[in-house]
Amino acid sequence: MRKWDKKKIIIVSLAVLGTAVLGAGCGKQQAAGGNAQETIEFWTISLQPTFNDYFETLFSEFEKENPGVTVEWKDYPKDTIQEKLLTAIASGNAPDVVNVNADMALTLGKKNALANAEEYISDEVKDSFFEGIYEAARVDGAMTALPWYTTIPVIYINEALLEEAGIPTDNYPSTTEEFYNWAIDITEKTGLYGTAMEANIREILGSAGLPVFNGDYTELVINTPEAVKVIQQFQKLYDTEANPKENLDQEARAQLYSSKQVVSVYSGTTFVNKFKTTAPDVYENTAVIPVPFKSNVSTTMYLSVPQESKNRELAFKFAEYVASAESQLSFSKTANTLPSTKATVEDPFFKESDGSLEAEIKLSAVASLTKAVETPVPQHILDKVNRDLQDILFNGKDVQAGLDQIVEEVNKQLQEQ
Amino acid sequence: MGKMKKRKKWLRSEAAWAWGMMLPGLLVLTVFVFWPLIYSLPLAFTDYSVVGEMKFVGTKNFERAFSDPDFIASLTNSIQYVLVVPVIQMASMAFAVALNQKIRGVKVFRTLYYFPVVTSTVAVSIVWSWLFSSGGLVNQLLLDAHIISEKVNWLSDDSTALWVLMFITTWKGVGYYMVIYLAGLQSIPGELIEAARIDRAGTLQIFFKILVPLLKPQVVMCSLLSVMSAIKVFDEPFVLTKGGPGNSTLTASLYIYQNGFQNFDFGYAAALSLILSVIILFFSLLVNAYNRRK
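Residue numbers (the numbering used here), protein chains in the order written: chain F, 1 to 417; chain X, 1 to 294.
Since the hints were made in silico from the structure, they are not lab data.
Predicted model, so just to flag it, every value in this text is computed and none were measured.
By construction, the Cβ of each residue, glycine as well, lies at the ideal position given by its N, Cα and C atoms.
Take these hints with a grain of salt, some might be off.
Unchecked claim - BS3-like mimics (lysine-lysine), calculated; alpha carbons at most 30 Å apart, straight line:
(1) X/K55 / X/K209
(2) F/K274 / F/K74
(3) F/K236 / F/K397
(4) F/K78 / F/K397
(5) F/K397 / X/K242
(6) F/K412 / X/K60
(7) X/K242 / F/K276
(8) X/K216 / X/K102
(9) X/K242 / F/K274
(10) F/K84 / X/K55
(11) F/K111 / X/K242
(12) F/K294 / F/K229
(13) F/K260 / X/K242
(14) X/K209 / F/K111
(15) X/K216 / X/K232
(16) X/K216 / F/K74
(17) X/K5 / F/K229
(18) X/K242 / F/K78
(19) X/K232 / F/K78
(20) F/K84 / X/K151
(21) F/K229 / X/K216
(22) X/K242 / F/K236
(23) F/K342 / F/K64
(24) F/K333 / F/K74
(25) F/K317 / F/K342
What the hints assert, rightly or not - Every beta carbon over 10 Å from chain F, so not counted as near; a handful from chain X, in silico:
(26) V51
(27) V82
(28) L99
(29) V118
(30) H146
(31) L182
(32) I198
For reference, chain F alone in the conformation it holds in the complex (with noise of 0.2 Å):
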């Protein structure tokens, strides 16, 4: 009896791996044959299961206007998208449109993985997006990707802060250095921090209206006049201690802005998410203005369609039909979201205000729309600068050398790869 069932399990063992591999290699097989429809396979970041009745929607309605089409859906989260993607364009079995930040979109445009839009779209569809955000996807001149939603920063203020030490609430700053010296004024007179801004190139440099990188992305020119000058200017807050010398993401900044600990804070348009629950008086005593700066920095999803996609006439189609100026309509009414698009922000929806912070949230980030700006940089080389750039400015080191460096470092790493 033991013998036999000795060899039992070793040949059972044996048969459901084979099966199970078997069965593996045979699935895609037999859908491709069994399926003679077409079929779009559409990779998102982080949607499911919030927004499935609204995808849902969109999907019925342009498999309605394509016969023969549908459409596959699936999600992964932001910190594993790329290395999906990566994979299945290596394994030959890339999506057909895939959801893409302006990172991204470099970063795998400049390995010529992504297909030129512009072979594919119409002069009255691209002129259909906010330039600087459509612009941003450009990539050696190729458009690698179709702006989808965004969303942009606004200044978050705790009124009632201002209100107990005695500062108006009626007159805000309208200019970065207004802005600066305001926030200064404020932690001289609470002892707070008056402001939370991340020590982020991006951010810094791109709401001054100057570049990360040379046209090509061949190199890195943040060490310019210019770019010295705002960067002195940013590290008076943290010499004053105006603003928290931490790393701040958008958790640190919702932990400080809701235990009253910095009276503004410059965050995107669902960062009232991380307060109004968790600290119902601070979202009470919240107004917010548009950012004061000569830019807006936006953060846009983009779509974009690999080179490796079956049928990339359809991929751009399906693309084109999810970023159109009323899908887009929808998707802002459904997600609180913003559109790229020119035309949705025409609509009432982003015209009036029904009184609540999110409704006057969305106005003021409506408002800077028009100098939206995208500014792409590589996960790994934004990683790298900013971690030397907190070191300037956390540690009061010079700007000028401290710069110098990092763009010696990283144009010398560029021209490795």
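Got chain F sorted already, so can you dock chain X onto it with the hints?
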């Protein structure tokens, strides 16, 4: 005929049973560990970004690595991280000895000390980042106790950031090694301790002359595991500091990740991994040699 008999006999043997049971696991390991490991060796001599062709570049990636200041800084930090090993080992052994006593509520303490091991590093790191923020609890306590006179920016000061990460790693790792030492302690016959007590040996003498020598297999294993984890540390700097400020908390694993999975420079990342593996091997041999000598 003889061959058939032999095969039948082998199929009935304990070895066949063992191979049958190991096979599924071995297949998974081969596909997901051994094959990528072997594949990374030739990859280190190429320029490969998944998209596009793979080009052979000889030793260029290695030359680039040794002239790359960020990689040198990350290696230095990873090696400095090894300083947590003796601290973790001594602390976990001390806790294990303390929790090996027959006292009321000892199981509760064992669970509490093990708790950090099973918590998510990301969640734990976020909580620690709040505690170590300039307005956080750590500064508050130290100011109240007059240990510091002004707030310290623990995670944004390049002279303290790495030490804070090392502290968090120690806090998280102690429970894991403590359980291994506890298992080792429980296998030591009680008669040995009793005999030592009859011979009037003190607590310290029992610890150093009986417990530590008998725990040697656990010490070797834990030290090896701990050295390897310390050099490969990734989670804490990834979540808390992204390697900054400057390169003060950039570790080799984090830098390899950035090159491989953010820049898709897989050839270079493979070369860096190979260098890191050699360094880990060197430290492992060092630990082994030290333990054999003693």
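So, going through the hints one by one against the coordinates:
1. X/K55 / X/K209: violated (59 Å)
2. F/K274 / F/K74: With Cα atoms ~27 Å apart, F/K274 and F/K74 stay inside 30 Å; holds.
3. F/K236 / F/K397: Holds, because 12 Å separates the two Cα atoms, which is no more than 30 Å.
4. F/K78 / F/K397: The hint is violated at about 34 Å.
5. F/K397 / X/K242: holds (20 Å)
6. F/K412 / X/K60: At roughly 14 Å apart (the allowed maximum being 30 Å), X/K60 and F/K412 satisfy the hint.
7. X/K242 / F/K276: Holds. X/K242 to F/K276 sits at ~28 Å (cutoff 30 Å).
8. X/K216 / X/K102: holds (23 Å)
9. X/K242 / F/K274: holds (22 Å)
10. F/K84 / X/K55: Measuring from Cα to Cα gives roughly 23 Å; hence the hint holds.
11. F/K111 / X/K242: Cα-Cα ~25 Å, so holds.
12. F/K294 / F/K229: With a Cα-Cα distance of about 15 Å, the restraint between F/K294 and F/K229 holds, given a limit of 30 Å.
13. F/K260 / X/K242: holds (26 Å)
14. X/K209 / F/K111: violated (62 Å)
15. X/K216 / X/K232: With Cα atoms ~24 Å apart, X/K216 and X/K232 stay inside 30 Å; holds.
16. X/K216 / F/K74: It is violated: about 51 Å lies between the C-alpha atoms, which goes past 30 Å.
17. X/K5 / F/K229: violated (87 Å)
18. X/K242 / F/K78: Since the Cα atoms of X/K242 and F/K78 sit roughly 16 Å apart, the hinted pair holds (cutoff 30 Å).
19. X/K232 / F/K78: Holds, at about 24 Å.
20. F/K84 / X/K151: violated (43 Å)
21. F/K229 / X/K216: violated (61 Å)
22. X/K242 / F/K236: holds (24 Å)
23. F/K342 / F/K64: OK: F/K342 and F/K64 at ~27 Å, within 30 Å.
24. F/K333 / F/K74: holds (22 Å)
25. F/K317 / F/K342: At roughly 20 Å apart (the allowed maximum being 30 Å), F/K342 and F/K317 satisfy the hint.
26. V51: At roughly 4 Å from the nearest Cβ of chain F, X/V51 sits no farther out than 10 Å, so the non-interface label is violated.
27. V82: Given a closest Cβ separation of 22 Å, the condition holds.
28. L99: Given that every Cβ of chain F is farther than 10 Å from that of X/L99, nearest at about 35 Å, it holds.
29. V118: At about 22 Å from chain F, X/V118 clears the 10 Å cut-off, so the statement holds.
30. H146: Fine: 20 Å to the nearest Cβ keeps X/H146 off the interface.
31. L182: holds (35 Å)
32. I198: holds (49 Å)
In summary, the numbered hints that this structure violates are 1, 4, 14, 16, 17, 20, 21 and 26.
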